[in-house]
Amino acid sequence: MSHVRVRGLSKSFGAVQAVRELNLEIERGELMAVLGPSGCGKTTLLRVIAGFERPDAGCVVVSDDVVAGPGRIVPPEKRRVGMVFQDYALFPHLSVEGNVAFGLSNRPREERDSLTRRTLELVGLQHKARTGVHELSGGERQRVALARALAPEPELVLLDEPFSNLDATLRAGLRREVELILRDAEATALLVTHDQEEALSLADRLAVMRDGEIVQVGPPVEVYGEPATRWAAQFVGEVNVLSGVARAGGVETELGVFDLRAPAQGSVHVAVRPEQLELRADANGNAEVVAREFRGHDVLYRLRHEGGKTLLVQLPSLELHEVGDSVFVRPAPSAVPALVD
Amino acid sequence: MGLRRLDRFAIGTVLCAVLVAGPLIGLPLSFFVAPGGLSRFSGFVPEAVEATAILLVGVGAGTFLLGTALAALVSFFEFPGRRWIEWALVLPLAMPGYVFTLFALGLDLPGIRSTLGAVCVFTLVLYPYVYLLARAAFLSQSRTLIEAARGLGLSRARAILRVGLPLARPAILGGVALALMEALADFGTVNLLGVRTFTDVIYRVWFIAFDREAAMQFAMLLVSVTLTLLVLERLARGRARHAQLAARGDVVPPVRLHGLAALAAVILPLALVGLVVLAPLAQLSAWSVQSINEGLLAPEFATAARNSVLLAGMSAILVPVVALLLAYGVRASRSRTAAVSARTATIGYGLPGSVVAVAVIVPLGWLEQRIDGVAGTGLLLTGTVIGLFYAYVVRFLALAWGAIEASLIRIPRQLDDAARGLGADRLDVLARVHVPLLRAGLVTAALLVFVEVMKELPATLLLRPLGGDTLAIAVWQATTESLFKTAALPALLIVLVGLLPVALMIRMSGRGGVEVEASPAVGAWVEDPEAVPA
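Sequence order for the protein chains is A and B. 1 is the number of the first residue of the first sequence in our numbering; add one for each residue after it. 1 is the number of the first residue of the second sequence in our numbering; add one for each residue after it.
Hint data in this document are derived by calculation from the structure and do not stem from the laboratory. Note that the Cβ used here is the ideal one computed from N, Cα and C, for glycine as well. Be careful, since some hints might not be right.
To be verified - Estimated spans, in silico, between C-beta atoms of each pair: (1) B:Arg158 to A:Pro37: 55 to 63 angstroms; (2) A:Phe13 to B:Gly81: 39 to 47 angstroms; (3) A:Arg176 to B:Leu500: 29 to 37 angstroms; (4) B:Leu500 to A:Arg183: 38 to 46 angstroms; (5) B:Arg343 to A:Pro37: 57 to 65 angstroms; (6) A:His134 to B:Ser114: 55 to 63 angstroms; (7) A:His134 to B:Leu496: 53 to 61 angstroms; (8) B:Ile409 to A:Ser10: 41 to 49 angstroms; (9) A:Arg183 to B:Ile409: 51 to 59 angstroms; (10) B:Leu152 to A:Arg304: 30 to 38 angstroms.
Can you make the complete structure from the sequences, with help from the hints?
The following block contains the structure:
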């Protein structure tokens with residue numbers, strides 16, 4: 001049995017259905033990310049699991065305990081679910097230590113002190129224990145919020161867009177740090193975000209959410225490489241959707257033949273990632289370079305294909321093509337694109 | 001909203017509202033229960049209507065002219081000592097009408113015992129309401145508007161008259177409405193000056209004729225006038241908000257006054273504050289010293305002082321606590337019903353103390369008889385301070401609620417959620433998160449209630465138990481008997497205590513008006529002086 005189970009969960013606000021009959025399972029110790037555009041209902045999902053909203057239907061089970069279900073609503077303070085808020089929601093009248101110890105008030109004093117100390121060490125803020133929270137930097141605030149949520153040793157930690165308030169330069173470093181802290185604490189965590197890169201790099205498994213429903217769940221590699229739908233393919237990374245005709249083991253498109261994972265028949269669409277195409281300079285090529293985005297380690301080209309289609313191609317920046325160059329574009333040797341709707 | 005959604009916090013809020021606002025329903029009901037009560041005293045009605053009308057017109061015009069002129073002076077002109085004068089002009093707020101009346105009667109100022117005399121007294125002590133609101137409106141006006149008017153060919157003075165004044169009109173009218181509500185609520189001044197307004201009639205019908213139904217019906221008449229003013233004030237304030245939203249850019253730069261004009265700008269306001277605050281304080285001090293030396297102090301003085309401090313102190317705890325529970329109940333239950341209930345519960349502040357007293361005593365008396373029938377406790381409610389505290393809660397709840405609510409809405413809701421996620425239930429959230437964060441608001445609320453209860457006269461007079469005289473009653477009692485020296489010391493104490501919230505308000509505004517301790521972690525965390533009602 002999974003550690004956290006969400007079954008048939010629905011929640012509406014007036015006429016707006018924020019979450020529809022949603023199912024989700026999280027294993028113990030797993031770091032799960034819910035990825036979706038803003039307004040897809042992911043924050044509502046989090047608030048229902050935390051107990052701040054009451055579901056209209058469905059149930060939430062945390063560690064074999066039904067915390068929300070027909071006829072049973074456990075108030076948030078009794079759920080053993082910690083939450084890290086988007087803007088951290090630190091208590092301004094308490095020090096770092098006071099914030100972290102807030103959820104430990106019913107423990108004996110010694111246990112409280114040692115848990116507080118241990119958690120502060122975990123996030124590397126033991127030297128700031130007595131500092132007021134308004135004196136902290138953005139990154140430190142986030143670590144306090146995380147420590148505060150982890151200190152009572154919850155069954156599940158929820159993180160609501162935890163990096164959206166930080167500088168882009170800080171983000172990558174903190175992402176790694178937060179992941180290490182969560183793994184150190186052996187916490188089960190559910191993180192919601194609209195940032196694909198964040199979700200792909202951080203999570204053990206990824207749930208793609210759209211209009212209140214989960215479109216696909218799986219490890220990042222799978223969600224990226226084998227998107228379930230055209231929308232999921234487009235939302236998680238960049239993609240070229242090509243139409244073609246499938247025959248035994250391959251699909252024939254206007255760019256050439258791609259391999260397929262499983263045999264298919266008839267007319268299909270394939271989602272081809274920009275790195276699944278390659279190109280070479282060719283005066284009589286089949287496409288023209290329209291734009292070039294140089295990103296250091298690689299380059300993203302925007303091409304106009306002779307058939308009129310715009311294509312995205314990503315290549316290492318070993319050899320550069322100029323805007324206006326005529327090029328020949330074809331499938332990369334090992335490319336196995338996914339079939340989509 | 002079905003009952004299903006009403007949890008215990010919402011129910012608590014609704015119950016509290018029923019308890020606080022419920023007695024007021026008795027006022028209109030009295031017309032059905034005992035029709036004709038009013039006709040027994042029909043002789044009083046024309047007199048009361050006439051006096052009240054003259055009072056409203058006179059005080060309205062007086063506070064409008066004085067308050068607006070002074071506000072324009074300190075907002076649009078620069079002269080030596082302006083910053084001091086700006087705040088000195090607020091000081092009359094600390095002077096209760098009946099204390100100034102004691103001063104005026106003691107000096108035997110000619111013509112003071114008349115409706116016109118009452119108009120003068122009210123104008124002098126109530127103009128700060130208009131002054132404060134008009135000044136805030138003038139200071140929020142953008143210079144581009146005035147400059148646009150001048151670019152269209154208006155002189156500076158005419159630009160102020162034709163653009164500045166109309167823009168501030170909602171705020172000024174709001175101030176006038178507040179001043180008029182205070183004048184209507186007053187009992188001490190009109191009673192001492194022999195002006196037969198509604199509050200005075202209620203007192204006489206109640207105490208001299210012992211006719212409760214008639215008193216309730218007179219109270220109802222007074223309430224309808226007050227409610228009309230309240231509605232006007234709300235309307236005016238609603239529009240003021242739009243006017244302020246429209247204002248952008250720098251403030252209007254003040255013009256420096258020179259020579260005689262500058263001299264007049266300093267001397268006239270100072271003379272006003274001298275007359276309304278300093279001279280009475282000096283005279284009362286002198287009389288106090290004489291009364292002590294000559295042994296004229298009333299023998300009950302010590303008891304009255306003790307009663308005042310006890311009543312004010314206990315109310316300063318009780319009323320803010322009720323207000324806090326009410327405000328938090330609305331927040332914790334997130335219920336519309338609770339929000340509407342809280343609004344209803346705070347209606348009492350617009351109502352005169354005498355009306356509140358008359359309204360609460362009837363249900364209390366009824367309940368008391370039932371309890372007495374069972375337990376034989378006698379006048380458990382109306383004969384003790386319980387009735388008095390009840391009236392204070394009804395009357396001053398809005399005052400405390402305003403101060404607390406203004407701070408409460410600045411606490412981000414996420415803090416509540418964060419605390420609950422960490423195992424705190426809703427009462428824990430109140431105790432461990434809100435109360436520490438609301439400390440300033442709670443202290444303000446307690447201070448305001450303390451001072452108002454110290455000054456309060458009509459409700460205390462009608463509901464006090466035997467031997468329950470307060471300083472305010474001592475002042476009134478001695479003044480009615482023309483024992484001005486005896487009245488001086490208690491009056492002096494009341495004014496000195498009354499200076500506390502005025503000083504607090506000045507200090508808060510002195511810090512640039514708005515103090516921001518903003519950070520993404522705690523949300524924008526603002527304290528502003530608007531939270532303190534004048």
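Hints and how they fare:
1. B:Arg158 to A:Pro37: 55 to 63 angstroms: At roughly 57 angstroms between Cβ atoms, A:Pro37 and B:Arg158 fall inside 55 to 63 angstroms, so the hint holds.
2. A:Phe13 to B:Gly81: 39 to 47 angstroms: 58 angstroms, violated
3. A:Arg176 to B:Leu500: 29 to 37 angstroms: Violated, since A:Arg176 and B:Leu500 (Cβ atoms, about 56 angstroms apart) do not stay within the stated range.
4. B:Leu500 to A:Arg183: 38 to 46 angstroms: 57 angstroms, violated
5. B:Arg343 to A:Pro37: 57 to 65 angstroms: Distance hint for B:Arg343, A:Pro37 is violated at roughly 39 angstroms.
6. A:His134 to B:Ser114: 55 to 63 angstroms: 59 angstroms, holds
7. A:His134 to B:Leu496: 53 to 61 angstroms: 38 angstroms, violated
8. B:Ile409 to A:Ser10: 41 to 49 angstroms: Given a distance of about 31 angstroms, which is not inside 41 to 49 angstroms, the answer is violated.
9. A:Arg183 to B:Ile409: 51 to 59 angstroms: Roughly 40 angstroms apart at Cβ, these two residues miss the hinted range, so it is violated.
10. B:Leu152 to A:Arg304: 30 to 38 angstroms: Check failed, 58 angstroms falls outside 30 to 38 angstroms.
When the structure is compared with the earlier hints, violations turn up for hints 2, 3, 4, 5, 7, 8, 9 and 10 and for no others.
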